[in-house]
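2 protein chains.
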Amino acid sequence: PGLDFGSSSSGTTQRGTQARAHCGTEPVKCAMFGHARSKFQSSSPSPNNPGFLQKNNNVDEKGRIVGPFTEQPSPKNLLTRDNERGSRFRHTETDFSNLYARDLLPAKNGEEPTIQFLLEVVDILTNYVRKTFDRSTKVLDFHHPHQLLEGMEGFNLELSDQPESLEQILVDCRDTLKYGVRTGHPRFFNQLSTGLDIIGLAGEWLTSTANTNMFTYEIAPVFVLMEQLTLKKMREIVGWPNGEGDGIFSPGGAISNMYSVMVARYKHYPEVKTKGMTAAPRLVLFTSEHSKITWKPQKFSHHYSIKKASAVLGFGTENLILLKTDERGRVIPADLEAKVIDAKQKGCVPLFVNATAGSTVYGAFDPINEIADICEKYNMWLHVDGAWGGGLLMSRKHRHKLNGVERANSVTWNPHKMMGVPLQCSAILVREKGLLQGCNSMCAGYLFQPDKQYDVTYDTGDKAIQCGRHVDIFKFWLMWKAKGTSGFEKHIDRCLELSEYLYNKIKNREGYEMVFQGQPQHTNVCFWYIPPSLRDMPDREEKRQRLHKVAPKIKAMMMECGTTMVGYQPQGDKVNFFRMVISNPAATRSDIDFLIDEIERLGQDL
Amino acid sequence: PGLDFGSSSSGTTQRGTQARAHCGTEPVKCAMFGHARSKFQSSSPSPNNPGFLQKNNNVDEKGRIVGPFTEQPSPKNLLTRDNERGSRFRHTETDFSNLYARDLLPAKNGEEPTIQFLLEVVDILTNYVRKTFDRSTKVLDFHHPHQLLEGMEGFNLELSDQPESLEQILVDCRDTLKYGVRTGHPRFFNQLSTGLDIIGLAGEWLTSTANTNMFTYEIAPVFVLMEQLTLKKMREIVGWPNGEGDGIFSPGGAISNMYSVMVARYKHYPEVKTKGMTAAPRLVLFTSEHSKITWKPQKFSHHYSIKKASAVLGFGTENLILLKTDERGRVIPADLEAKVIDAKQKGCVPLFVNATAGSTVYGAFDPINEIADICEKYNMWLHVDGAWGGGLLMSRKHRHKLNGVERANSVTWNPHKMMGVPLQCSAILVREKGLLQGCNSMCAGYLFQPDKQYDVTYDTGDKAIQCGRHVDIFKFWLMWKAKGTSGFEKHIDRCLELSEYLYNKIKNREGYEMVFQGQPQHTNVCFWYIPPSLRDMPDREEKRQRLHKVAPKIKAMMMECGTTMVGYQPQGDKVNFFRMVISNPAATRSDIDFLIDEIERLGQDL
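Protein sequences appear in the order of chains A and B. Offset between the first sequence (1-based) and the working numbering: plus 7. Offset between the second sequence (1-based) and the working numbering: plus 7.
Hints were generated in silico from the structure; no laboratory data involved. Don't take every hint at face value.
Since the list can't tell identical chains apart, any single copy or any two copies may satisfy a pair.
The calculated EDC-like cross-link candidates involving lysine to aspartate or glutamate, where the alpha carbons are at most 16 Å apart (straight line), are [to be verified]:
| id | residue 1 | residue 2 |
| --- | --- | --- |
| 1 | Lys-282 | Asp-380 |
| 2 | Lys-115 | Glu-548 |
| 3 | Lys-560 | Asp-546 |
| 4 | Lys-440 | Glu-605 |
| 5 | Lys-239 | Glu-165 |
| 6 | Lys-353 | Asp-458 |
| 7 | Lys-440 | Glu-251 |
| 8 | Lys-331 | Glu-296 |
| 9 | Lys-581 | Glu-100 |
All chains should be modelled from the sequences, with the hints used to inform the complete structure.
Right, here's the structure in full:
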């Protein structure tokens, strides 16, 4: 079952004969918003009633000038047009419509088409890079899932039995970028990871060309050493003597945090590895109540990762105890101590405390030193989740916000967030050597393996929960080489200055209300925009309910319009507010001004 | 602590004034082996006594011709030489020695240097691609860790406070590739993942340029839909009706297998999510005893992943029960049933059975249908680990080896192995919808989130244990488009034919002994090479001990010589043997012949 190679003929170029007019690069006017808003409240879109956006598209289709992604009717012209726009490649007259994957290397005589094909791809990519930094380009060209699934102007996502020509593959590459989101655009503020670092990009291209994995020194000698040296440098910056300790790069902050809980468990109850959780007493974990953020999938919520870890690792989410925070979102140490004492009285064993350095929504830094005192007093593992805030360690001006981090037993630090490294790049650092291996190695005899010709202590395979492990280090190493520690420092200081600019701009501005008072600790600026129609309303439930809908509506219009992107969410009993974050080195004050103008333009009539 | 921006001046070009002579592309003669072997038995290398290899290098340094990576004394010439070797780029006269990362986009006037820099990188990469497929190039240029750490010919791995010039960055890129391993080389057979697929490579370059993550439709609309469609297609091929079910791409087979255990636990004991493992009875898991492979980090050992999962998830490794296998490495179903009954009698609850489709060493396929019968009888979750063997589902000729896979509750299938997709690309497929989400979602209210403007069921964030998730789908989707299902089928059939060629060539050849009898089920061919000096020895412990050392010695010489790479390991009471695997589309019969010749050349005097 499942395999039936029939007469499918989807392998031919599917759009060659269609003339297409796409969205251009002119500033988006959004003249359709009057109409659009009237549809906005309607039910979710359906194929027959795509609503808001479909209208948007229709209007656009008439008004848009021929843009950079427009293709000419004849397939032969699809690829030559880039030449005219300043490509630096010596394009040959290669006709990709008669070439297929099977004609590329390792095929005989495959070298020439291989290089030509890769150069065409690079031409598409460098054009994309150029436009990413061009403010007259939209951040995204939004379409609903059903629209993309139906095949936008011939962009067919379905897989088939027969091959497509390389020409079609190149068109597929263009379309993939066209309908995606420019996460490096100076006005993309939606995630903690933004920006498109050119050195990091080059590093990723090289990494994928090397196509190896981090399992052993044998197959990744250079990358394994780079990882070792970089982790040591990070531990030095954390403040551990001589950078001693251990660590590994993992597939993201959630997994890094999971490692920290695993290692803590192994340190205190090593028998759990062989006998399971039933061999331990009832263990409890602690983290900030900012974990309780109502789940919004447009946000990365790293606090959630501790909750996920407690479920995955067999602790149970009920054994994760949430800690009260102050008005700024920082854990109250006295609450931790009270809850530790309470847990012990109930017969539980407090094992692990997560202190967040840079919370997802507020950007709050928990007071690490006070928490460390309590951890020492009650013999608990202290983990610092610096996925978002760890980057501030690179700044002499801001690293004091993590004071005490050197007392942590483990630290999560995601260079792919505040430091602008391409996704994915997340480190888990562990102060005590040997625990990662003890926890994850499946064979004690490993260390004494005598028959390899090199020093096998460089192999990382048995430190990881993975077998194969992606090379996440090279881009980061290369960026560090290219910028120096000082370059990262400048980037971080600049982002924090920008967020201060935003904060100062709106803190007393009419129509804005800050979610918490005082200057933010990180680049997170949380605020409500209050449309004129709500400003004079009494502060009651009706106003709350209407305000709750404002940010989602503005965000939706931003996306339809494609001009900018910023996240929102509720928090506790606070209704939906915007959470602005800045990690993009391309953003300037003018982009901050633009964002505020755009919010006001889109929100004034709500 | 940790940050001290002193007077470090490592930011300048470090090698401009050194003349360097590197390893060329001529066939390696290995004339030094007579000498080398005498050093081979000596203790592990030290900075003062690097042994074998250091000698090797010295000899080479005199004999090598000027090779492609050789740089000229003057820094200005470092980059212009590629021009002479047929680069297709219109290089400008850009002098990268005075340019830094800060001069690239988003810097003002950064577009020109950005494009020039990226084109230089691409020039380095396309040259690397070319050489990867060139059999006159070495597979690797081996150096010991301490040698690379000391800085090979100026290749300085240390990070510094001040930035390096872009020229130095480009040199760093070259050196990184130079001292790495060409995993796409036609004679690289060391891993289950080999080869360098050009379409997949292009896909990875695009993926890193798009630099987004799979968390939500909002920030990865195209990739999210591609993942959805591709997973559905894979489920159809597995044989689930209409491709129904669920799934996700995860960071490798070990994590995919971990998902399967988690989902099984959630299905049978959902309360473990909130209350922890103590809420469940003593649960046991079953997998093949081929898990017991003596741990060799040069191998991917996916069976280990079930053991790792049992430790990570809190079951405890002692609650993983290993199943006996037949002589070919296939689980004996009767042994499973006996052990299930035994476990129940001891008060344990049998939860989960892993059937391996393509074991790491023998390439064995467990009899899924017989195992499925037992799973149904005792109400156990059936997982099929097809990380290595799943690709055979794409072949009408070979898919019968996975007969019964459609009865599995979950399936791991790594396109980055047998299907040649670049690392990482691993899917976990689950037959029952909703379990992945139920298991990993941290908020039940999620499904009813009303305020996004699109259909949020496309968001994948709460199915995953990760928050951010790398885009692993695009390269695979693009390869499928470019090859069609039929292209994957051809690739798989060809690899199996090649391994049959190898098997037929050595099964009766003097000096070879097969580790198991009969034609292998997968491309794994396991054999001993018996040097002439051992052939007439009686079959006693002394012969065993000497034979145990043969494969490691030959492998070490192969690596020093750089001509080819193949793995070895012991298994149970069998001493070290070679495990040949073929997944590389570039490999031909001549490469198989070369491997055999090389083993005999290097091993004849052992």
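Each hint, compared with the structure:
1. For the homomeric pair Lys-282 and Asp-380, neither the shortest alpha-carbon distance inside one copy (32 Å) nor that between copies (29 Å) is at most 16 Å.
2. Proximity of Lys-115 to Glu-548 under the C-alpha cut-off of 16 Å is found in neither arrangement, the shortest distances being 73 Å within a copy and 49 Å between copies.
3. Proximity of Lys-560 to Asp-546 under the C-alpha cut-off of 16 Å is found in neither arrangement, the shortest distances being 21 Å within a copy and 80 Å between copies.
4. For the identical chains of this complex, Lys-440 and Glu-605 are neighbours neither inside a copy (51 Å) nor across copies (41 Å), given an alpha-carbon limit of 16 Å.
5. Proximity of Lys-239 to Glu-165 under the C-alpha cut-off of 16 Å is restricted to the inter-copy arrangement: shortest distance 10 Å between copies versus 46 Å within a copy.
6. Taking CA atoms no more than 16 Å apart as the test, Lys-353 paired with Asp-458 passes in neither setting, with 52 Å inside one copy and 41 Å between copies.
7. In the homo-oligomer, the alpha carbons of Lys-440 and Glu-251 lie at most 16 Å apart inside one protomer (8 Å), although the nearest pairing across protomers, at 46 Å, exceeds that limit.
8. Taking the shortest Cα distances, Lys-331 and Glu-296 sit within 16 Å of each other inside one copy (6 Å), while across copies they are farther apart (49 Å).
9. For the identical chains of this complex, Lys-581 and Glu-100 are neighbours neither inside a copy (61 Å) nor across copies (58 Å), given an alpha-carbon limit of 16 Å.
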